[in-house]
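Chains as they are written, first to last, in the numbering used here: chain A, 99 to 313; chain B, 99 to 313.
It is possible that part of the hints are untrue.
Chain copies aren't distinguished; within one or between two, either way the pair holds.
What the hints assert, rightly or not - Listed below are the simulated DSS-like cross-link pairs for lysine-lysine, each with C-alpha atoms no more than 30 Å apart in a straight line: (1) 260 <-> 311; (2) 220 <-> 210; (3) 210 <-> 308; (4) 260 <-> 210; (5) 220 <-> 260; (6) 260 <-> 241; (7) 245 <-> 260; (8) 241 <-> 220; (9) 311 <-> 220; (10) 217 <-> 308; (11) 210 <-> 245; (12) 245 <-> 222; (13) 308 <-> 220; (14) 241 <-> 217; (15) 222 <-> 311; (16) 210 <-> 241.
Hint data in this document are derived by calculation from the structure and do not stem from the laboratory.
Here's the letter readout for the chains.
2 protein chains.
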Amino acid sequence: MTQSPTERTRVKRLAKRAHYDEATIHAILDAQPFCTVGYIFNGTPFVTPTMQWREGNHIYWHGSSASRALEASEGAEVCVNVTLYDGMVMARSAFNHSVNYRSVMAFGRAFKITDDVEKEQKMKNFVDLLYPGRWDMLRPMTKQEFKATMILGLELSEVSVKVRAAGPGDDEEDFALPIWAGVIPMHVQMEAATDCPRLPAGLVPPAHVKAFKFG
Amino acid sequence: MTQSPTERTRVKRLAKRAHYDEATIHAILDAQPFCTVGYIFNGTPFVTPTMQWREGNHIYWHGSSASRALEASEGAEVCVNVTLYDGMVMARSAFNHSVNYRSVMAFGRAFKITDDVEKEQKMKNFVDLLYPGRWDMLRPMTKQEFKATMILGLELSEVSVKVRAAGPGDDEEDFALPIWAGVIPMHVQMEAATDCPRLPAGLVPPAHVKAFKFG
Numbered sequence: 099m100t101q102s103p104t105e106r107t108r109v110k111r112l113a114k115r116a117h118y119d120e121a122t123i124h125a126i127l128d129a130q131p132f133c134t135v136g137y138i139f140n141g142t143p144f145v146t147p148t149m150q151w152r153e154g155n156h157i158y159w160h161g162s163s164a165s166r167a168l169e170a171s172e173g174a175e176v177c178v179n180v181t182l183y184d185g186m187v188m189a190r191s192a193f194n195h196s197v198n199y200r201s202v203m204a205f206g207r208a209f210k211i212t213d214d215v216e217k218e219q220k221m222k223n224f225v226d227l228l229y230p231g232r233w234d235m236l237r238p239m240t241k242q243e244f245k246a247t248m249i250l251g252l253e254l255s256e257v258s259v260k261v262r263a264a265g266p267g268d269d270e271e272d273f274a275l276p277i278w279a280g281v282i283p284m285h286v287q288m289e290a291a292t293d294c295p296r297l298p299a300g301l302v303p304p305a306h307v308k309a310f311k312f313g
Numbered sequence: 099m100t101q102s103p104t105e106r107t108r109v110k111r112l113a114k115r116a117h118y119d120e121a122t123i124h125a126i127l128d129a130q131p132f133c134t135v136g137y138i139f140n141g142t143p144f145v146t147p148t149m150q151w152r153e154g155n156h157i158y159w160h161g162s163s164a165s166r167a168l169e170a171s172e173g174a175e176v177c178v179n180v181t182l183y184d185g186m187v188m189a190r191s192a193f194n195h196s197v198n199y200r201s202v203m204a205f206g207r208a209f210k211i212t213d214d215v216e217k218e219q220k221m222k223n224f225v226d227l228l229y230p231g232r233w234d235m236l237r238p239m240t241k242q243e244f245k246a247t248m249i250l251g252l253e254l255s256e257v258s259v260k261v262r263a264a265g266p267g268d269d270e271e272d273f274a275l276p277i278w279a280g281v282i283p284m285h286v287q288m289e290a291a292t293d294c295p296r297l298p299a300g301l302v303p304p305a306h307v308k309a310f311k312f313g
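Modelling step: build the complete structure from the supplied sequences, incorporating the hints.
Below is the structure:
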């Protein structure tokens, strides 16, 4: 499926960096759990960092039932941004410096998951997508904890993607200048896990800890 | 200087993670050039990823003069979010899983830099804050490039900070469970710079390339 851009998702600047195909959108959403959610509260814009996960053609995020970000987003128009930064692009002119990135913007009306069974399944999916198999290892979630947790969802029906993955795009006459130009690639590096100081003796990190990464 | 929280910046959830002192705010802004800017366009919220830099008690960001994000933000209420992700916090219960992070939210009315001399100085500051000494190595910016560039600023007068930097915060009765818990620390790792394929022979990356990092 390829989405047709709407007034909100048509990429205005540098349209050559725009992609609307579903595979590209899903790959970015699956590679980057961190996101920011934009919403309006008392007439002014707010941007809240949180984590998202994807199930089919929807993304979800969660938080405290008492959270302002979730309260204000429920049933309201939101904009979810998911961005991976891949490198600093250094050109011969200040103007042509850039960044390599993969970025998704999703627009629409956020909805709340109200069904208890669906809510539990969604929490399990979130945990297990990050850490495969972890849900069943954990102390089960209590009724009170479910009550204190709100999950919002958004259909991926109005989405734009912008990707830059290239070397410096200097002006033709600048390439010969004696100025170093290139790319500093970057990625999110996971470090060795540190045990909780109160860990009972003999417990070691499961495979989903050692294998954890994103990007 | 310590800021008093306003209705927008008072941290409602987990107030123990809230800090309002200027040193903490500046340290986070200086450590993370990437940000998201939230603004309202045609009545709905937008979140655009970009880069910010700090000069004293202001932050600035820039883009194309034709950019929707900048056009819609000029003179309007915005929310700028700057977040560093420091680690995945894994607890004995799903509910107590968390993330270590440092996050700043700045609110206010964005203003445009209109004076040409100030605009040039700001662009130099942006480049040199990222890459010390680079501005003077570059092909000078042309009048046309300045015209095509818009810089917006925001006074840091209404700002909140939230920081989590700790191990798992399990329920007291859960600490003894035979479940691995701990933290997977993470940071943004710079890789070895790659030369532009059209680099003249003999040019090597300057010190500001090898030393580049943030976090």
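Each hint, compared with the structure:
Taking the closest pair of Cα atoms, residue 260 and residue 311 come within 30 Å of each other both inside a single copy (23 Å) and across two copies (24 Å). In this assembly of identical chains, the alpha carbons of residue 220 and residue 210 lie at most 30 Å apart only when taken from the same copy (12 Å versus 44 Å across copies). For the homomeric pair residue 210 and residue 308, neither the shortest alpha-carbon distance inside one copy (33 Å) nor that between copies (47 Å) is at most 30 Å. Both within a single protomer and between protomers do residue 260 and residue 210 lie at most 30 Å apart by alpha-carbon distance, with minima of 28 Å and 25 Å respectively.
Proximity of residue 220 and residue 260 under a CA criterion of 30 Å is satisfied in both settings, with 28 Å inside one chain copy and 27 Å between copies. Proximity of residue 260 and residue 241 under a CA criterion of 30 Å is satisfied inter-copy only: 28 Å between copies versus 41 Å inside one chain copy. In this assembly of identical chains, the alpha carbons of residue 245 and residue 260 lie at most 30 Å apart only when taken from different copies (24 Å versus 37 Å within one copy). For the homomeric pair residue 241 and residue 220, the shortest alpha-carbon distance inside one copy (15 Å) is at most 30 Å, but the shortest distance between copies (54 Å) is not.
Taking the closest pair of Cα atoms, residue 311 and residue 220 come within 30 Å of each other only inside a single copy of the chain (21 Å); across copies the shortest separation is 37 Å, beyond that limit. Taking CA atoms no more than 30 Å apart as the test, residue 217 paired with residue 308 passes inside one copy only; the shortest distance there is 28 Å, against 48 Å between copies. Taking the closest pair of Cα atoms, residue 210 and residue 245 come within 30 Å of each other only inside a single copy of the chain (13 Å); across copies the shortest separation is 45 Å, beyond that limit. In this assembly of identical chains, the alpha carbons of residue 245 and residue 222 lie at most 30 Å apart only when taken from the same copy (15 Å versus 52 Å across copies).
For the identical chains of this complex, residue 308 and residue 220 are intra-copy neighbours only, at 24 Å inside a copy versus 44 Å across copies, given an alpha-carbon limit of 30 Å. Taking CA atoms no more than 30 Å apart as the test, residue 241 paired with residue 217 passes inside one copy only; the shortest distance there is 11 Å, against 56 Å between copies. In this homomeric assembly, residue 222 and residue 311 come within 30 Å of each other (Cα to Cα) only inside a single copy, at 19 Å, whereas the closest approach across copies is 36 Å. Proximity of residue 210 and residue 241 under a CA criterion of 30 Å is satisfied intra-copy only: 18 Å inside one chain copy versus 51 Å between copies.
In summary, the structure is inconsistent with hint 3 from the numbered list given earlier, while agreeing with all the others.
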